[in-house]
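These protein sequences, in sequence, are chains A and B.
Residue numbers are given in this note's numbering: position 237 of the first sequence equals residue 237, and the series is strictly consecutive.
Residue numbers are given in this note's numbering: position 111 of the second sequence equals residue 111, and the series is strictly consecutive.
It is worth saying that the hints were derived from the structure and are not from the lab.
Among the hints, erroneous ones may be present.
Which residues of chain B face chain A? A few of them, derived with a C-beta cut under 8 Å, are [unchecked claim]:
no.	residue
1	Gly66
2	Gly68
3	Leu70
4	Leu75
5	Tyr77
6	Val88
7	Leu92
8	Gly99
9	Ala152
10	Ala293
11	Ser296
12	Gly303
13	Leu305
14	Tyr314
15	Ala316
16	Trp320
Rough simulated footprint, nothing fancy, chain B against chain A, three-plus residues with beta-carbon under 8 Å [what the hints assert, rightly or not]:
no.	stretch
17	94-101
18	394-402
Every residue gets a Cβ at the ideal spot worked out from N, C-alpha and C, and that includes glycine.
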Amino acid sequence: MELDPLLLSRLQFAFVVSFHAIFPVFTIGLASYIALLHGLFYRTQNPVWDRLAMFWTKVFAVVFGMGVVSGIVMSFQFGTNWSNFSLASANFMGPMLSYEVVTAFFLEAAFLGVLLFGRGKVPQGVHLFAAVMVAIGTFISSFWILSANSWMQTPAGVELMDGSFRVTAWGEAIFNPSFGWRFTHMVMASFLTGGFVVAGVSAWYLLIKRDVEANRKALSMCLWLLLVLTPAQAVVGDFHGLNTLEHQPTKVAAMEGNWETRSHVPLLLFALPDQEAQTNRFELGIPSLASIILKHSPSGVVPGISEVPPEEQPPVAIVFWSFRIMVAIGFLMIGVAIAGLWLRRGGRVYEHRGFLQLLRLMSVTPFIAVLAGWIVTEVGRAPWLVYGMMSHAEGVTPSLTGGMALFTLVGYVAVYAVVFWAGVYYLTRVVRNGMLPPDEQAVVEGEVERAKRPFSAAHTTFEQDAGPTWRK
Amino acid sequence: MEMFDLSLIWALIIGFGVIMYVVMDGFDLGVGILYPFAPDEDARDVMMNSVAPVWDGNETWLVLGGAGLLGAFPLVYSVFLPALYIGVFLMLAGLIFRGIAFEFRFKSHRNRHWWNRAFCWGSAVAAFAQGVVVGSYIQGFAVEDFVYVGGAMDWLTPFTVLTGLGLMTGYALLGATWLILKSEGHVQDWAYRMVPGLLLGVLAVFAIISLWTPFVNPEVWARWFDRIELIWIFPTLAMACAVWLWRSTRQRQEGQPFVATLGLFIFTYLGLVASKWPVIVPPDHTIWDAASAPESQLFLLLGVLFVIPIVLTYTAWTYWVFRGKVKVGDGYH
Chain A
1 MELDPLLLSR
11 LQFAFVVSFH
21 AIFPVFTIGL
31 ASYIALLHGL
41 FYRTQNPVWD
51 RLAMFWTKVF
61 AVVFGMGVVS
71 GIVMSFQFGT
81 NWSNFSLASA
91 NFMGPMLSYE
101 VVTAFFLEAA
111 FLGVLLFGRG
121 KVPQGVHLFA
131 AVMVAIGTFI
141 SSFWILSANS
151 WMQTPAGVEL
161 MDGSFRVTAW
171 GEAIFNPSFG
181 WRFTHMVMAS
191 FLTGGFVVAG
201 VSAWYLLIKR
211 DVEANRKALS
221 MCLWLLLVLT
231 PAQAVVGDFH
241 GLNTLEHQPT
251 KVAAMEGNWE
261 TRSHVPLLLF
271 ALPDQEAQTN
281 RFELGIPSLA
291 SIILKHSPSG
301 VVPGISEVPP
311 EEQPPVAIVF
321 WSFRIMVAIG
331 FLMIGVAIAG
341 LWLRRGGRVY
351 EHRGFLQLLR
361 LMSVTPFIAV
371 LAGWIVTEVG
381 RAPWLVYGMM
391 SHAEGVTPSL
401 TGGMALFTLV
411 GYVAVYAVVF
421 WAGVYYLTRV
431 VRNGMLPPDE
441 QAVVEGEVER
451 AKRPFSAAHT
461 TFEQDAGPTW
471 RK
Chain B
1 MEMFDLSLIW
11 ALIIGFGVIM
21 YVVMDGFDLG
31 VGILYPFAPD
41 EDARDVMMNS
51 VAPVWDGNET
61 WLVLGGAGLL
71 GAFPLVYSVF
81 LPALYIGVFL
91 MLAGLIFRGI
101 AFEFRFKSHR
111 NRHWWNRAFC
121 WGSAVAAFAQ
131 GVVVGSYIQG
141 FAVEDFVYVG
151 GAMDWLTPFT
161 VLTGLGLMTG
171 YALLGATWLI
181 LKSEGHVQDW
191 AYRMVPGLLL
201 GVLAVFAIIS
211 LWTPFVNPEV
221 WARWFDRIEL
231 IWIFPTLAMA
241 CAVWLWRSTR
251 QRQEGQPFVA
261 TLGLFIFTYL
271 GLVASKWPVI
281 VPPDHTIWDA
291 ASAPESQLFL
301 LLGVLFVIPI
311 VLTYTAWTYW
321 VFRGKVKVGD
331 GYH
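So here's chain B without its partners, still in its complex pose (with noise of 0.2 Å):
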């Protein structure tokens, strides 16, 4: 089993389920956040069939990931869910409601605006519990022998509230351009007039998380300021990605500020892992320390290696097929 190191290939597989899912996921729980803000119930219409296809596969990568997690990196499994106990609750309530009211949101006339607030509410509870947890990643955990030791209610503190929210901004932002890029009309109007003011919120969390992990976590800030490495690569192609997104937005692009506010998130993930690696549970625990055996590791890498490309294939087909533009009146009543 030296010949590989299993541990490496599992960290890559998990990393890249987790961008998969905060992207893709990420737009269809934004498109939620941005619910009750929608001009009419028409747009509210346009907004859930524009993710109404894919949202379900894209939360394919949540569970997966989470199945794989416990696959491949026991240790995070079982240090992460027990220290976000009522964190990780919270997400899943908000993805059920969520993914029924996308099943009875059409199906249903008098009671529609009840499945409008499920939809709303479970999306930005769901959102808020995941950037609690990249809050919680980057304060560490308090473990010991393997084991989490700390207390109930150590993933909310005003730090992890601030990612929260920070997620939840970055979300509806993915949502906002997502819609440009699906919709037009009235609906493509809004969804532009709301990019500057979720760009200017994104920033500024990214700002304040910056200046504060220092003080939250010393080892990030000696990993950035110690040495000027390359790593600086990745705040400043997500800069980058910013002022590409306020250009083409201001020039009423269509398709470019969703592949920048892409970029945004890509590159803001990178700068995080890069900060962290190889550690995987904060403070103390590498990829490593938190592997699970080698021959469980490959047994279970034979399945996903098959899987992964065929799911892919599914999603990109998915895509190519509910491409273009939503309109209003379309589909489903």
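Here chain A stands alone, though its shape is the one from the complex (with noise of 0.2 Å):
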């Protein structure tokens, strides 16, 4: 067999990117819960909050660690795989994502270390000051990559000359026609990651009893905030698809399974697409419904996947099928959010057992939500690397083979599966130590700082043998 090393290239990006972006769509959410749980401390001085702020704080600073580690490899890749494109369009990418770094590390190096150390050592407005901060910062990060990646996916402000892009006006470029409505829905749907992975983790401290004041306090919250997002996002991931609609419609036609352009398109709930027929096998759906979506009227005409030659079509069951994960996934998180409300009657949300076991489930939803939105996006416009301008096969290392390119792949996978086995135990220890008694927190902070980094501000050890010694 050949091995292609255009398909093991993407192959490798998509698993490097999709294990990277499951730390910061999650910190990004996290860092904002933070930032609110110090305003709270900070305005009522009510110390349940402040425990939740460190007990979190402890998360993030080992999420955040993860994302550092996994990110670093990203800003090889392009070169390393890539070669043409980095060339290309360096004009352009070089900067965004060099702003992406440079934030990161001024955040890291002005504020993290104040969030996550500070505590006790700078005044409370201070340490809330720095908390809010760091969130910024996250935002500003996802503003730089959020902006590369939908540059690339609807071009602007930018010049072929001579097989390189230049940019002929920065404004454009950055502020290109799909980048707000990504950037909402991304921002929104980091806000869904944190609030279900908190509102997941209260739930099972409440099954089992612990700390139950500040747990409800925290699950409460959550769960008004679900209840504004999730419908929310609905909303947002609309309006996004109609600029898709506008700027790149074989995308939303894959998303649609819409072979062909005509009116009354139904809203399909289950199709085979069939890419070798151009057709899809056994279609289930709703008559009309996305033309009333699309184009506000049964009579609607939607572009199909036909209007391009096969060649230049992405591969539809993938787009098709990971769109149908995203969106059931968001109506699933609509019905437990309502859920949450109806249950409030009586303080039955926070002891309904099947209720929480359903909360703590769902905290793995938001990722695979996440993660198929991305294949949904990144697959929906290949064959293009940047839309209608440079497609995969012209910006891949013309040196790269298939060996090589496999070797890596191989390769990552192997590293990552390490770092990730020992991340994710790692952190269901914290989580399995919880917050600490009011009376341990003294201990924690007289003892020595091994280093100011993140990592060190969970203190927890790796192994069962050896928790702390309050655990009786």
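With the hints as a guide, dock the two chains, each given alone in a separate frame, to form the complex.
See the structure below:
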């Protein structure tokens, strides 16, 4: 079998970026939550907020550290596997990616240390300020990355000269047509991720009856937040979809599984797209609904996949099914948020074991939804690397062989498997240890910090047998 | 944009970033390379503690350098990384493993020996790969029409293996002198004993590379020997640092050996840069050929000039906070 360096490079990039993405998508939401907890503590002086903030800061520290480790690889991927793309697009992508790095380092240098280790050492107001700055910093970081990605989806403000892109208008390039909705959709996804993870962990603590007061407060807060965010995200997602219809109609056609340009397009609930035959098998759908959603009229004409020749079509089945997974999880989230509102009557929400168990399970769903959503948008623009201007095949490293690409793909999978195992295992240990009882906090504060770095903020041992002494 | 030569400014920034990375991550990689030779587990605790507060700040420069190259000199980025494809992977894998070893070794008891291995092997592989980069840079790259056209294994030649081993030895020397500065008692005694052998190793590699380079790259030879120029100041100063290191170690000075080793690294680096300047993608492409568009270089320069002073201040502050000796039993258990 011939190894295809292009396919392997795409798989490798997809793997590395997916692995990386799950960490920042969580930390962005969590950073804002921590800032909110600090703000509540500052306003009310209720120690419950302080303890919650301390606990979630520990989790934040570990996840942030894992994000940094996996992010290092990202900054080299563009050159190793996509050198033609790097060279051609460096005038725009270089500054964007560098600004992301610069933002991250500025954030780490200036505020992260204060947030992680400043408790009791700096005035409360300064600590709150650091927490807010870290939260803002995570938004600025994602601003650059999403701008770069959106530019690849809907390039603007550049001219192609002698095979490389020259930036003619920075404003147009940075705030390119798909950036606004993508950024909003992604930030809300981060909030949902943070919200469902905090809700899930709080629910688990309530199930085993630990720190009931604090976790009731945390759960209640999360459920209010999710009640607003889950439907709002559906609306934002719809606008993002309409924006995509305008700029990348083929992607939307693949999402809908709609092969021919026509009116009265059904919303397909189930289908087996057949790329060879350029049609679907076993369609099951609601008549005209896709036309109504996309064109606000049953007779609205929706462009089909066959508008472009087969070699310019994305792999339809992947896009089609990833989109359905994302949307299904979205509706499930709305349902859970409404159920939470319903159960508030009489405070059953804190005791209903079935609901608490459900929340526990729900904490993994945002990650699946986010990855599915990214698969839709990234696979959906295939075969384009820079939409309409540069294809994957043109961007890949010319000297790359299938063997080399396979070697590093297997290598990264192996390395990340170890890192992920260690990280997740350790994270579950942190969560199992839970929040420190009030009298133990003083002990930790007196301890000599080994290092002012993220992981050191989590005072938990790696193995079961060496747990903290206070756990009887 | 003609007022400033932005490419020149960027070359200075990237050059500064590279040497910052080499000397700073150099000593903590060196400590990892020396790990298997440490006298006991207490010494290993001290060794890791001595670099734990600063290592990730040191690696900041690597990521900043990678991203900065894409922004300012994309040709370097798009030739070096494909040419060194496998080597880059090995370096990143090494850095990741030693990174998590830092985090989990102290939190681990039963499995500590596994984290020791991850720390040592990760450091050694990363250092070797970086030495290979230096060797490949001296060799030059097969580039046609701004695209790397060489093979997957061009980076692995007897010459680059030598530079790889050379940089490992050099990093180990930096690590040993760092430990002299930061430790006491039996750990420090051991570090003193390590210096002479490592120094001889470095000098031997240095000599072989000097003799071998003309066969690998005649242009470098021409630059050094056609006209006797000011650039001879760099190897001269490097040798002076080697002598200083030898003497200060024999006198059991604590701070001087580390400073002398830093000097050895810096002057060797300057000598290497001088023998290629202004070529940045050998053999043919200069910093101006490799540059991105001036508006892109300027746009990025603003942010970098803002953040570098902050990172430097933070770095200096971290070293200040963690100054002084690391003792056995200190810190975190």
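How the hints compare with the structure:
A cut of 8 Å between beta carbons decides the hint on B:Gly66: the least distance to chain A is about 5 Å, and the hint holds. Among the interface hints, the one on B:Gly68 holds; its C-beta lies about 6 Å from the nearest C-beta in chain A, closer than the 8 Å criterion. Given the 8 Å rule on beta carbons, the hint for B:Leu70 holds: about 4 Å separates it from the nearest Cβ of chain A. The interface hint given for B:Leu75 holds, since its Cβ lies 7 Å from the closest Cβ of chain A, which is under the 8 Å cut-off.
The restraint placing B:Tyr77 at the interface with chain A holds, with a minimum CB-CB distance near 5 Å, inside the 8 Å limit. Taking 8 Å as the C-beta contact cut-off toward chain A, the hint placing B:Val88 at the interface holds, the least distance being around 6 Å. About 5 Å separates the beta-carbon of B:Leu92 from the nearest beta-carbon of chain A, less than 8 Å, and the hint is met. At a threshold of 8 Å, the smallest CB-CB gap from B:Gly99 to chain A is about 6 Å, leaving the interface hint in force.
For B:Ala152, the suggested interface contact is upheld, since its CB lies about 5 Å from the closest CB of chain A, less than 8 Å. Contact between B:Ala293 and chain A, as hinted, is supported at the beta carbon level, the nearest pair being about 5 Å apart and thus within 8 Å. With a cut of 8 Å, the hint placing B:Ser296 at the interface with chain A holds, because the nearest CB-to-CB distance is about 4 Å. For the restraint placing B:Gly303 at the interface with chain A, the shortest Cβ-Cβ distance is roughly 5 Å, inside the 8 Å limit, so the hint holds.
Given the 8 Å rule on beta carbons, the hint for B:Leu305 is violated: about 10 Å separates it from the nearest Cβ of chain A. With a least beta-carbon distance of about 4 Å to chain A, the hint placing B:Tyr314 at the interface is held under the 8 Å criterion. With a least beta-carbon distance of about 11 Å to chain A, the hint placing B:Ala316 at the interface is violated under the 8 Å criterion. Here the hint on B:Trp320 is broken, as its CB sits about 12 Å from the closest CB of chain A, past 8 Å.
Figure legend: the stretch 94-101 of chain A, annotated as covered by chain B; annotation consistent (7 residues with Cβ-Cβ distances under 8 Å, at least 3 required). For the stretch 394-402 of chain A, the stated coverage by chain B is satisfied: 5 residues place a CB nearer than 8 Å to a CB of that chain, which reaches the threshold of 3.
When each numbered hint is compared with the structure, violations occur for hints 13, 15 and 16.
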